[in-house]
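Visitor: Protein sequence lines, in the order shown, are assigned to chains G and H.
Going by our numbering, the letters in the first sequence line up with residues 1 to 123, in that order.
Going by our numbering, the letters in the second sequence line up with residues 1 to 108, in that order.
Just so you know, these hints were derived from the structure itself, not from any lab.
Don't be surprised by glycine CBs; every beta carbon is placed ideally from N, CA and C.
Incorrect hints may appear among the rest.
As the list claims (entries may be wrong) - In the BS3-like style, the derived pairs of lysine-lysine whose C-alpha atoms are separated by at most 30 Å in a straight line are: (1) H:31 / H:21; (2) G:102 / G:35; (3) G:102 / G:53; (4) H:7 / G:35; (5) H:7 / H:21; (6) G:102 / G:29; (7) H:31 / G:102; (8) G:102 / H:21; (9) G:12 / G:102; (10) H:7 / H:31; (11) H:21 / G:29.
Said to hold, decoys possible - Listed next, with one range per pair, are the computed distances between beta-carbon atoms: (12) G:55 / H:57: 17 to 27 Å; (13) H:27 / G:20: 14 to 24 Å; (14) G:20 / H:59: 20 to 30 Å; (15) H:11 / G:81: 25 to 35 Å; (16) H:39 / G:119: 19 to 29 Å; (17) G:80 / H:19: 30 to 40 Å; (18) G:11 / H:33: 39 to 49 Å; (19) G:2 / H:53: 17 to 27 Å; (20) H:15 / G:121: 44 to 54 Å; (21) G:96 / H:26: 26 to 36 Å; (22) H:9 / G:99: 36 to 46 Å.
What the hints assert, rightly or not - Just a sample of chain G residues kept apart from chain H, beta carbon distances all over 10 Å, derived: (23) 15; (24) 77; (25) 99; (26) 111; (27) 121.
Below are the chains, spelled out letter by letter.
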Amino acid sequence: MPLGLLGFEQFKSYRLYSRPSQEPFLWLKALEDPKLAFLVLSPFLVLPSYSPKISDQDVEFLGLSGPEDALIFNIVTIRRPQQATINLKGPIILNRHTLQAKQVIPVNASTFTVAHPLPVQAH
Amino acid sequence: MLILSRKINESIVIDGRITVKIVRIDRDVVKLGIVAPPNVPVHREEVYEEIRRSNQEAITEGTSGVPRLSASARPSRIPTPADAGSTIQPPKQAEVKTGSETKPKESP
Chain G
1 MPLGLLGFEQ
11 FKSYRLYSRP
21 SQEPFLWLKA
31 LEDPKLAFLV
41 LSPFLVLPSY
51 SPKISDQDVE
61 FLGLSGPEDA
71 LIFNIVTIRR
81 PQQATINLKG
91 PIILNRHTLQ
101 AKQVIPVNAS
111 TFTVAHPLPV
121 QAH
Chain H
1 MLILSRKINE
11 SIVIDGRITV
21 KIVRIDRDVV
31 KLGIVAPPNV
41 PVHREEVYEE
51 IRRSNQEAIT
61 EGTSGVPRLS
71 ASARPSRIPT
81 PADAGSTIQP
91 PKQAEVKTGS
101 ETKPKESP
């Protein structure tokens with residue numbers, strides 16, 4: 001992630017991994033700072049019609065030639081037990097071939113919220 | 001803070017590689033055209049701040065307390081942008097430039 005995450009520009013290398021018991025959530029962990037970890041999720045699980053419009057500049061930056069080159073993950077915030085939200089305004093776009101990623105602000109960002117409630121299962 | 005006066009169509013150059021041009025002035029709205037290298041992100045401040053704050057809040061320590069999604073949101077594979085008919089388009093050939101100036105951006 002050559003530009004880091006917004007507000008964390010200095011951390012550029014991340015490991016994306018899953019823990020079987022926590023799927024479909026994934027972890028995005030900074031290699032340079034083990035304390036910097038984010039829970040991420042494919043937005044299409046919560047909002048199948050989610051369709052962020054990625055700017056030409058970002059498409060070019062990531063070297064994408066079409067939607068099939070990209071994976072999208074959005075950062076999840078756990079508010080309290082059994083309450084979590086997902087940031088739809090700042091998706092992380094990953095080029096699945098180059099593994100280069102960027103947290104982008106979509107052209108249509110104003111139609112999305114940074115705290116979309118997740119449908120969480122009660123215990 | 002450095003304050004400069006500019007007329008319409010005049011620009012300022014920052015660091016020899018970023019150009020900010022006054023494109024249009026309409027009452028209390030100024031349209032800026034920004035040309036910056038691809039590795040210089042340009043954002044509207046309030047949107048940048050909102051996402052920065054959200055990122056800050058989202059830092060998750062430890063790996064416990066991860067919620068379980070409702071059954072409806074648990075598919076057998078991770079969907080891709082292609083599934084949602086996403087709008088990622090390859091950049092048009094004419095827009096692919098060499099060199100550093102590849103990021104014209106307008107901001108109201």
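Visitor: Are there hints from earlier that the structure breaks, and if so, what are their numbers?
Guide: 4, 11, 13, 15, 16, 17, 18, 21, 24 and 27
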